[in-house]
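Use the sequences and the hints to build the structure in full.
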Amino acid sequence: MFRATLKSLLARKLRLILSGLAVVLGVMFVSGAFVLTDTLGRSFDAVFADAYEGVDVNVSAKPTMEVGDFEGEAVAAPVPAETVERIQGVPGVADVTGVVAADGARLIGSNGKVVTSFGPPQLGMNWVGASDLVQLREGREPQADDEIVVNASLAKAGRVAVGDRVGVLTLEPKREFTIVGISGYSGGRDSIGGVNEIMFTTPVAQQLMLGQGDAYTNVTVTAADGVANDRLRDDVAAALGADFEVKTGAEVSADASATLKDGLSFFNRILLGFAAVALLVGTFLILNTFSIIVAQRTRELALMRAVGAGRRQIIGSVVLEAVAVGLLASVLGLGAGVGIGALLAYVFGNISGGLDLAGIAVPPAAVIGAFGVGLIITVVAALLPALRASRIPPIAAMQDVATPDRPLTKVTVAGAAVTATGATLLFLGLGGHAGGNTLVTILGGVLFAFIGVALLTPLVSRPVVALLGGIFSWWIPGKLGRLNSGRNPRRTAITAAALMVGIALVTGVTVILDSTKSSISGLAQDQIKAELVIGGAQTGPRPPTFDPAVLEKAAALPGVALVGGAYGDLAQVGDERTWVGANSDVLTLTQIFGARATAGDISRLGPDQMLVSSDVAASRGLSVGSTVPVQLARAEAKTYTVSGIYESDELLDPVTLPVTAAQGFTIPQPIAGFIQLTPGAEPADVLPRVETLLADSPEVSVADRETFIEQQTKPLDDLLRMIQILLLLAIVIAVLGIINTLALSVLERTRELGLLRAIGLGRAQTMGMITVEAVVISVFGALLGVAVGSGLGAAVVEALHDEGITDLVLPWADMGTMVGLGALVGVLAAVIPAVRAARIDVLGAIAHD
Amino acid sequence: MTATVGRQAQAAARASEVWKVYGSGEAQVVALRGVTCEFEQSRFTAIMGPSGSGKSTLMHCLAGLDSVTRGTVSIGETTVTGLGDAGLTKLRRDQVGFIFQQFNLLPTLTAKENILLPLSIAGRKPDPAWFDTVIETVGLQDRLDHRPAQLSGGQQQRVACARALVSRPQVIFADEPTGNLDSRAGAEVLKFLRNSVREHGQTIVMVTHDPTAAAYADRVVFLADGQIVSELIEPTAETVLDTMKKLDSQVEVGD
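Chains A and B, in that order, are what the protein sequence lines are. So the first sequence is residues 1 to 849, counted in this note's numbering. So the second sequence is residues 1001 to 1255, counted in this note's numbering.
Worth flagging that the hints you see were computed from the coordinates, not collected in a lab. The structure displayed is predicted, hence computed values, not measured ones. Some hints here could point you the wrong way.
So, partial list: chain B residues that the calculated Cβ filter (under 10 Å) puts toward chain A [what the hints assert, rightly or not]: (1) L1065; (2) T1069; (3) T1072; (4) T1089; (5) G1097.
In silico negatives: residues of chain A with every beta carbon more than 12 Å from chain B [to be verified]: (6) L459; (7) E636; (8) V831.
Here are the simulated EDC-like pairs of lysine to aspartate or glutamate, each with C-alpha atoms no more than 20 Å apart in a straight line [what the hints assert, rightly or not]: (9) K1090(B) / E752(A); (10) K1090(B) / D841(A); (11) K529(A) / E552(A); (12) K1112(B) / E752(A).
Glycine included, every Cβ here is placed at the ideal spot set by N, Cα and C.
Written out as structure tokens, the structure is:
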């Protein structure tokens, strides 16, 4: 039995490779994800190990808030300068250095643009002298207040050199400095992990990066000879008391690395998501292939039964085939995954500005994941065909059984049930009734919906395929092709369903993002009463900012009625972390954003007062006169009194603090500015004047409202393109499925093709017939996908109605493109089978018995 | 070129000095050894011979389904030998019809669609009067909208016959047309084939190993060992059987 299975497997190499390819791709994503995160993780370990190389013990202050805002890092309070002296007095300490190092030092390059970063921080530091790790490559250390040293990677990115006069943006607006030196690192490296560094003199670094003198970000300690690091750590901790976090260099390095690795798990999830899509589509493909193989082998299997094989042996033989395919696919997928993982790691290293990659290794998770997923998917998909094979009666070996068209009742009922389950899950998940498992419920709902629709597809396929095929009926090969595609509804259905999944996902995502975009623009369009907007496109983790002085100057321009600069940050408000905003002019709320007061006065705001939205007021039981303690990222805790409540609105912050509080925000500069003109003033006249004011704020520009809205929604477009490209993979797999189905159909119908050729069907006509069959199947799949995707997308949009996504946009043009793509996919998929069909030897096809 | 003009019965298909050799070296099989034969128009010719005699090969070569190793084959005024795929396709559309042992109907099409298929493929309109005649002759008037699966074997073969006839080809090649039918259905099909020759002047070449079937033909050509060894005009089942017996004994002696 075993040998018979292997032989039949070898005899069907091609079709098994085709269906196995889907598994290969899925497994590739799974193992690629693990290889990528493993490689990057080890690279980060190495980076931080390097960065803390000379540090035996590190001292920092306890963070004022557990987690900060934009990057999710803890925002630590500064360490008072006198701590350095206190540490120096601890026995066993050899050397103590006060270090300033904070993200947000942005160099304006020689082209006048800010050097941006896609991930690694842009550190502003104090120069603490050369060490084993850091060396001056050129020039000297900074001595005067307007002198800086930049690291080599930043010098290259900004195209600046020693002696250049450059602008630097920090907590304060642009200031000019002279570059007096360029630093590098041991081993000839330009940067550690792609981090850009600007090193000031210590007082300047304290002022610009911490906003206060006499403080450090952290203090590093080296141990005297013979003193163990952890011993010293405990001694320093004991000397300083509970307000400080004291760790060994190795501990800090491990913690910092762990934080970044958490960020990486996001990549991992994305890749695993695509793996799931690939494998779902692959499951359809394998199910179909094995079904067809079993159907073709009916006689052979019956013969085996007739000569004494038991049902279990038949199931075993089919499952064994699946195991062999799964194993092979897993091995290939694992290999490809290692390659993809390495490639992505390389790309990531480059984008992030020169991360030194650790060697590629294959973590056990990648191997286990690859074989687990590959084998399980293949075997599960082959199980149904295997069961069917075991039900073939031995007598089938003797008769020429025309496989009767089994009724579709059972499969339709099952499909309806599964679809209903999926819809229920979606309803629960999207409606927020799923408790803590919203995401799992929604994903489960989508999965069930796909499987359910796939089961319903055979029923739908008859009328739809007939209708679609009608287009081709004027042409006899077209008519024959159409009839062929309607011949085996199950096969057509599964093949089309595989294509449906990819297209439905693309359509669904497009519906959601387009609706979001339209809702946001609509909202901004309708409600922002500002003719001009200052803002920039955010490229990294930090939003672009500008000099607050611009706001006052702009307000003084002729034709300008009101200027509102917006600040924002996450803060600890009472006992909850909440987004807080501040406006340079509190009138912005009512005049520009159209806020309506529900209690108190929202048109003025004292330095100790705060405004809250009606939602926040309701959920926390606040009313005018309530007092709330607020802890900002970079300020002492302070209690504010609620002086007004406004109606909640997507445009308005949940909590509004006075503009003086913005100095305590992580980014104490405005991130957007709204300019309302006096009646009759022309935006085109005011715009160039504001532009002039922004000369020293290169991260932002001023634009009319429409341009600003476009700018703000552009990231959504980019996101959409990215998702579409990745989901194309699912469509590619589906193409393999169509090729597979057609190739098998051609094989099955050899005699029929021979006959058609014998009665005069030309080669081109034969190819046309196969192509029409493919196009009908693929367009059917595309239509299904567009329908299901619109449905899913509309459901999500409906669920997000309360979040402000009020417009449902059905992307007709994109949907049309999808159907067009479906047709194209069909034509492409038909090429190989069509050529094979056209090459069929007429005599061989009809004469053999 | 037109040496046929003066003849009483013009040849619808002709084989001259046709050799067919399969394989090479040790495995070489010579299927036809210089066969020369003419099939007159409006005649019903049967090709007979023991299995392995080359009768099917001869028919395949005549119909342009198989190439010849040496010699030439022509149908009407078309020289089949040397035609490319496009030429062969055109030949099959316009000049040749086929009837197979396995009926070979398209399961997705109705009887009527199957019958009209060759014309549809060629992009020609059927002659309505001729179509009605054919349908009437084969007796399928009330079965036209049925699919092959709903028809009996005999009915399916009659559909196949109608399909071959409807385009009025120069010659119809029938390969064991009764091989899959019971004797009554077989007799019906054979009568119908003979009538189409007598009444409508159709040319039919039929390969068979059944003497009863061969007796419906106007002429029987006997093949043995790749050569034409005998011929009967106006055969009966008995004369055919006798000739076959003689051939068998010759072959045995030859061995």
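Hint consistency between K1090(B) and E752(A) [alpha-carbon to alpha-carbon, up to 20 Å]: 19 Å, holds
Separation of L459(A) from chain B, once the least beta-carbon distance is taken, above 12 Å: Holds, since 19 Å exceeds 12 Å.
When the least beta-carbon distance from T1072(B) to chain A is tested against 10 Å, hint result: Where the cut-off is 10 Å and the nearest Cβ of chain A is about 19 Å from T1072(B), the hint is violated.
Distance rule for V831(A), whose beta carbon must clear each one in chain B by more than 12 Å: 19 Å, holds
Chain A contact restraint on T1089(B) - CB to CB distance below 10 Å: 5 Å, holds
Proposed interface contact between T1069(B) and chain A, which counts if any beta carbon pair is under 10 Å: Where the cut-off is 10 Å and the nearest Cβ of chain A is about 15 Å from T1069(B), the hint is violated.
Restraint status (C-alpha distance of K529(A) to E552(A) at most 20 Å): With a Cα-Cα distance of about 19 Å, the restraint between K529(A) and E552(A) holds, given a limit of 20 Å.
Chain A contact restraint for L1065(B) - C-beta distance below 10 Å: 4 Å, holds
Cβ separation check - E636(A) to all of chain B, threshold 12 Å: 83 Å, holds
Pair hint outcome, K1090(B) versus D841(A) [Cα-Cα no greater than 20 Å]: 16 Å, holds
Restraint satisfaction for G1097(B) [CB to CB of chain A, less than 10 Å]: 8 Å, holds
Straight-line alpha-carbon gap K1112(B) to E752(A), limit 20 Å: 17 Å, holds
This entry does not satisfy hints 2 and 3, going by the numbered hints stated previously.
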